[in-house]
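Protein chains: 2
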Amino acid sequence: MTLCWVDGVAADSLSVKDRGLAYGDGFFETILVKSGQPLLLQRHLERLALGGKRLGLRLDLPLIERECRSFASQMGQGVMKLIVTRGDGLRGYAPGHDAQPRRILQASPLPAYPQGNAEQGVRLYACQTRLAEQPLLAGLKHLNRLEQVIARGEWQDSDHAEGLMRDTCGRVIEGVFSNLFLIKGGVLLTPDLRRCGVAGVMRAELLALAEQTSIPARELDLQMSDLQKADEVFVCNSVYGIWPVRGVERLNWPVGPLTRKLQSLVRGLLDI
Amino acid sequence: MTLCWVDGVAADSLSVKDRGLAYGDGFFETILVKSGQPLLLQRHLERLALGGKRLGLRLDLPLIERECRSFASQMGQGVMKLIVTRGDGLRGYAPGHDAQPRRILQASPLPAYPQGNAEQGVRLYACQTRLAEQPLLAGLKHLNRLEQVIARGEWQDSDHAEGLMRDTCGRVIEGVFSNLFLIKGGVLLTPDLRRCGVAGVMRAELLALAEQTSIPARELDLQMSDLQKADEVFVCNSVYGIWPVRGVERLNWPVGPLTRKLQSLVRGLLDI
Numbered sequence: 000m001t002l003c004w005v006d007g008v009a010a011d012s013l014s015v016k017d018r019g020l021a022y023g024d025g026f027f028e029t030i031l032v033k034s035g036q037p038l039l040l041q042r043h044l045e046r047l048a049l050g051g052k053r054l055g056l057r058l059d060l061p062l063i064e065r066e067c068r069s070f071a072s073q074m075g076q077g078v079m080k081l082i083v084t085r086g087d088g089l090r091g092y093a094p095g096h097d098a099q100p101r102r103i104l105q106a107s108p109l110p111a112y113p114q115g116n117a118e119q120g121v122r123l124y125a126c127q128t129r130l131a132e133q134p135l136l137a138g139l140k141h142l143n144r145l146e147q148v149i150a151r152g153e154w155q156d157s158d159h160a161e162g163l164m165r166d167t168c169g170r171v172i173e174g175v176f177s178n179l180f181l182i183k184g185g186v187l188l189t190p191d192l193r194r195c196g197v198a199g200v201m202r203a204e205l206l207a208l209a210e211q212t213s214i215p216a217r218e219l220d221l222q223m224s225d226l227q228k229a230d231e232v233f234v235c236n237s238v239y240g241i242w243p244v245r246g247v248e249r250l251n252w253p254v255g256p257l258t259r260k261l262q263s264l265v266r267g268l269l270d271i
Numbered sequence: 000m001t002l003c004w005v006d007g008v009a010a011d012s013l014s015v016k017d018r019g020l021a022y023g024d025g026f027f028e029t030i031l032v033k034s035g036q037p038l039l040l041q042r043h044l045e046r047l048a049l050g051g052k053r054l055g056l057r058l059d060l061p062l063i064e065r066e067c068r069s070f071a072s073q074m075g076q077g078v079m080k081l082i083v084t085r086g087d088g089l090r091g092y093a094p095g096h097d098a099q100p101r102r103i104l105q106a107s108p109l110p111a112y113p114q115g116n117a118e119q120g121v122r123l124y125a126c127q128t129r130l131a132e133q134p135l136l137a138g139l140k141h142l143n144r145l146e147q148v149i150a151r152g153e154w155q156d157s158d159h160a161e162g163l164m165r166d167t168c169g170r171v172i173e174g175v176f177s178n179l180f181l182i183k184g185g186v187l188l189t190p191d192l193r194r195c196g197v198a199g200v201m202r203a204e205l206l207a208l209a210e211q212t213s214i215p216a217r218e219l220d221l222q223m224s225d226l227q228k229a230d231e232v233f234v235c236n237s238v239y240g241i242w243p244v245r246g247v248e249r250l251n252w253p254v255g256p257l258t259r260k261l262q263s264l265v266r267g268l269l270d271i
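So the sequences go chain by chain: P and D.
Going left to right, the first sequence walks through residues 0 to 271 as numbering that gives the first Met the number 0 numbers them.
Going left to right, the second sequence walks through residues 0 to 271 as numbering that gives the first Met the number 0 numbers them.
Accuracy of the hints is not assured; some may be wrong.
Identical chains share a label here; the pair holds if one copy fits it or two copies do between them.
Under the rule of at most 35 angstroms between Cα atoms (straight-line distance), these lysine-lysine pairs were calculated in the DSBU-like manner [to be verified]:
1) 260 x 16
2) 52 x 16
3) 140 x 33
4) 33 x 80
5) 228 x 16
6) 183 x 16
7) 260 x 228
8) 33 x 183
9) 33 x 228
10) 228 x 52
11) 140 x 228
12) 183 x 140
13) 33 x 52
14) 140 x 80
15) 260 x 140
These are calculated hints, taken from the structure and not from any lab test.
Small disclaimer: the values here were computed from a predicted structure and weren't measured.
Go ahead and model the full structure; you've got the sequences and the hints to work with.
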């Protein structure tokens, strides 16, 4: 059995009454583990805290942090998936006020992405699946992920390492499992995620790094025409770091100097 | 232990790897059971089949039907919840082509709704939570239900038996756990659900009953101003049947003759 804990105890099953199963009533975090350490853990916990606040789920964050650290030390290396749900529920949507949130930790090996993804860059598949606008859930990494499941089912070929997702109005939002950045005239641009999308931990880290290193950065609404005019494009997440984007459909970009600079900064964070 | 089956076997837990938990990748049906019979089962299975087709989930419907009938006969009376998920998954959104869908059946007692709900009618709480427009998922009873969880958390008082949900453009769509009908000039009107909402089994049954009894009926986009002009309003689902709606916010309606006629037809279906 691969390493797996439910509420702090070794287990690989959970109650059929869990509201995470019934309604997707909960959140998850996918955390890189190296040398027994959960990387960027504070940012993962901050996003979880924001979700808990937004959905009225009282989370014991110190307990979650302790469990994550202890689990990671047993894993050594790999990807740790943390799921937090509202726990068991009765029939009906009403969230119980005495709900006991459930923690699930699962270990998996480091994903075997081709080395070329980070070096030569990737091509994105232009997904037809559009993200619905739901400001109440935007930014959160909640368990309602059917849009991503449908979008990821759109392509099977290995020519596309990621998909590009737009919202129902055509705005460019993110990758299926990544956030997206453009560089134009030395400015770092990333889609505003107040209507939809997942506000990734690596995205937050990059915006903070940009501020520390005086790279101008902005969150704003972006269209396909902005992509067309971009000097550099890349996708990022907290597991693989940064992949330069070489192209999507008929658009192509070189792998540029600012992408390379950010990649080297991020390697310092992830290659411990 | 209450009656509960996982994949046809008595069990009350499931694998933490289930994609229903990870992504809400599946569907559910809430089925009324009386005298050991699952009521309106064909319509529940039809909706499930539509969902499976839309999300590329190969369902063994004859097996599901057999399990539902067998489970219902053991239950005798109550509410049977069927959850069907894409089964266990690896890390990542990509839906596996060899996925083995999982069936979960849970029994619960008949809900204790006040008798007055069906007799004198109910008031609806006007939810602030708006339904996002996602045509790819509209109509399906999938497991991504955070909008309903948030909406149902908006009111606690017992003056409101249900909530009224609108979409992000303000169109009137449904209740939190019901569908909505208006009657205007003898015509049965119900919101078009091609952008969002759950196409309920009782809603389908009522549209069929209307056709059989020559009551004109239409599915269309409805605004709050249409509610204001309605002669009668009611909500429905496959467990409680029909509740006349007496009011929402400052709007009020009488319990009218067509609502009473439909209630008596539906009682013939549910009170076996």
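- Are there hints from earlier that the structure breaks, and if so, what are their numbers? 1, 5, 6, 9 and 10
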